[in-house]
Amino acid sequence: MKNIEVYMGDIAVTKGEDNLVASGIGSCLVITFYDPKHKIGALAHTMLYARRLSSEVRSSKDERRKTNPESPDTKYADTAIDEVLKRIEALGAKRENIEVKLIGGANMFSAFKSDFVKENVTRVKEKLKKADIAIVGECVGGSQGRSVEFSVATGIVTVKTKF
Amino acid sequence: MPKEHVLTEIANEATKKASLALLKLSDDEASVEFTKIEVGKIQKVFSEIDPELIVTGVYLPISGDVKGASLLIFPKEIAYALCDVLVKRKAETARQLTEIDKSALKEVGNIVLGSLLTVFSNSLKMKMIEHLPEFSHDMFGALVDQIITQFIQKAEEVLTIELLFHFKRTTNIKGYVFLIFGTEEIKVLIKKMEEND
Numbered sequence: 001m002k003n004i005e006v007y008m009g010d011i012a013v014t015k016g017e018d019n020l021v022a023s024g025i026g027s028c029l030v031i032t033f034y035d036p037k038h039k040i041g042a043l044a045h046t047m048l049y050a051r052r053l054s055s056e057v058r059s060s061k062d063e064r065r066k067t068n069p070e071s072p073d074t075k076y077a078d079t080a081i082d083e084v085l086k087r088i089e090a091l092g093a094k095r096e097n098i099e100v101k102l103i104g105g106a107n108m109f110s111a112f113k114s115d116f117v118k119e120n121v122t123r124v125k126e127k128l129k130k131a132d133i134a135i136v137g138e139c140v141g142g143s144q145g146r147s148v149e150f151s152v153a154t155g156i157v158t159v160k161t162k163f
Numbered sequence: 001m002p003k004e005h006v007l008t009e010i011a012n013e014a015t016k017k018a019s020l021a022l023l024k025l026s027d028d029e030a031s032v033e034f035t036k037i038e039v040g041k042i043q044k045v046f047s048e049i050d051p052e053l054i055v056t057g058v059y060l061p062i063s064g065d066v067k068g069a070s071l072l073i074f075p076k077e078i079a080y081a082l083c084d085v086l087v088k089r090k091a092e093t094a095r096q097l098t099e100i101d102k103s104a105l106k107e108v109g110n111i112v113l114g115s116l117l118t119v120f121s122n123s124l125k126m127k128m129i130e131h132l133p134e135f136s137h138d139m140f141g142a143l144v145d146q147i148i149t150q151f152i153q154k155a156e157e158v159l160t161i162e163l164l165f166h167f168k169r170t171t172n173i174k175g176y177v178f179l180i181f182g183t184e185e186i187k188v189l190i191k192k193m194e195e196n197d
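Heads up: the protein sequence lines correspond to chains A and B, in order. Counting in our numbering, the first sequence runs from 1 upward without gaps. Counting in our numbering, the second sequence runs from 1 upward without gaps.
Just to be clear, a hint being listed does not mean it is correct.
Unchecked claim - Each computed BS3-like pair below joins lysine-lysine, with the alpha-carbon atoms no more than 30 Å apart:
1. LYS102/B with LYS113/A
2. LYS67/B with LYS113/A
3. LYS118/A with LYS106/B
4. LYS41/B with LYS162/A
5. LYS113/A with LYS127/B
Quick caveat, the hints were computed from the structure, so don't treat them as lab data. Source: prediction; values computed, not measured.
Using the sequences and the accompanying hints, generate a full structural model.
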C-alpha cells in the first residue's frame, strides 16, 4: 500500500490498496469517487468549476491543454469529472456503483468573495446529478484548511483539520 | 539593466524602509534584510513547502496599473516569537494567537508588503494600490490555494523574497514574501525593470 499525493489541479485513479491523499486544501474542491464493488477509487483536486469564458489572457499551458484532448485540464472540475469517469470506467467501475464525496471549498481570507467557492460546489453537484452519480458525503465551506486521505481498500475518507 | 539587478535594488530599498517602520513598531533594535529573491513557476515554488505546515499569512491585494497579490508568511513558531517581541511579552510566552497578536502581525505585513510595493511602484513608475491587509492562520497549502485560484487562468510565475528579521530580544526570524501577478502584468513589470536605468 502506498500514499499517492494528488497535487492541486491533478487527478489520480487507482484500484486496490493505495491511499489517495490531498494535503492543505483551502478553497479547492476535492472530489473522491469510489466503486465499492470493484474497489476502484479516484481523487480530483480541482480549483475552479470551469474555465472562465472571457477574453482574458490564458497561460501557454492552458492554451496547449485547451487544444489537446489527450491532456485535459483537470484543474477545472467539469473536465476533471469527465476525465475521472472515463478512467475509472476503463478500469471496470460501473456508473451505478460510484459514490462521490466532496471536501474543501473553504474561504481562507475574508477579502475574497466566497461566492465563487459556493458556486463551484453547486455546479459540481449539478454536474454529478446529471451524470446520475450519488453524493454520499460532504465536508465543505467554512474557513478552515483541510487534508484528505482516501483509502481505496476500504472506501473511508478521512478529513483532518489542524485546529 | 537586468531585472535581477533591479529586483535586488528594490528589495534593498524596501527592507531599509521596512526596518525603520519596524523599529518604531517594536520599540526594539529591529531590522529586516532579504536573503533570497527569485522568480519561479507558481506551482513549483509552492510545492516546495509542506502544504500542511501551519503558518500565519498576511495577504494584501494589489490593484492599479497592475493587479496582483502579495503575501507575507511566517511558520507558526516564528509567528509566536515575533508576537512576543511586538507585544513586549517574555520570550516563548505565546502559545496561541490573541487578537492583539493578529493585529500586530497584520501591521508587520502592512509594513513589509507596503514598503515593497511603494518602492516597486516608485522605481518602475507604475501605480500599485495596496488594500487592507487580511490575516489567516492555517495550513500553508490552504492559504495559498485560494490566492493561486484567483490567478490560475492568467498567472504562471511568482516572485519570492526570503526575509530575515533581526530583533535584539530574540533570535533571527525568517519570513517569506510572495508577489503574484498575472502573466501580462509580469511581462509589463519585467519590461519596465529592463528599461530602468
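For this session: Take a quick look at whether LYS118/A and LYS106/B sit within 30 Å of each other, Cα to Cα.
Result: Distance of about 27 Å is within 30 Å: holds.
For this session: Sort out whether LYS162/A lies within 30 Å of LYS41/B, counting only the CA atoms.
Result: 28 Å, holds
Exercise. Under the criterion that the straight-line Cα-Cα distance not exceed 30 Å, is the pair LYS113/A, LYS127/B satisfied?
Worked result: Roughly 24 Å between the alpha carbons, so the hint for LYS113/A and LYS127/B holds.
Exercise. Straight-line Cα separation of LYS102/B and LYS113/A no greater than 30 Å?
Worked result: 21 Å, holds
For this session: Mind checking the alpha carbons of LYS67/B and LYS113/A for me, to see if they're no more than 30 Å apart?
Result: 17 Å, holds
Figure legend: structure checked against the earlier numbered hints; every hint is met.
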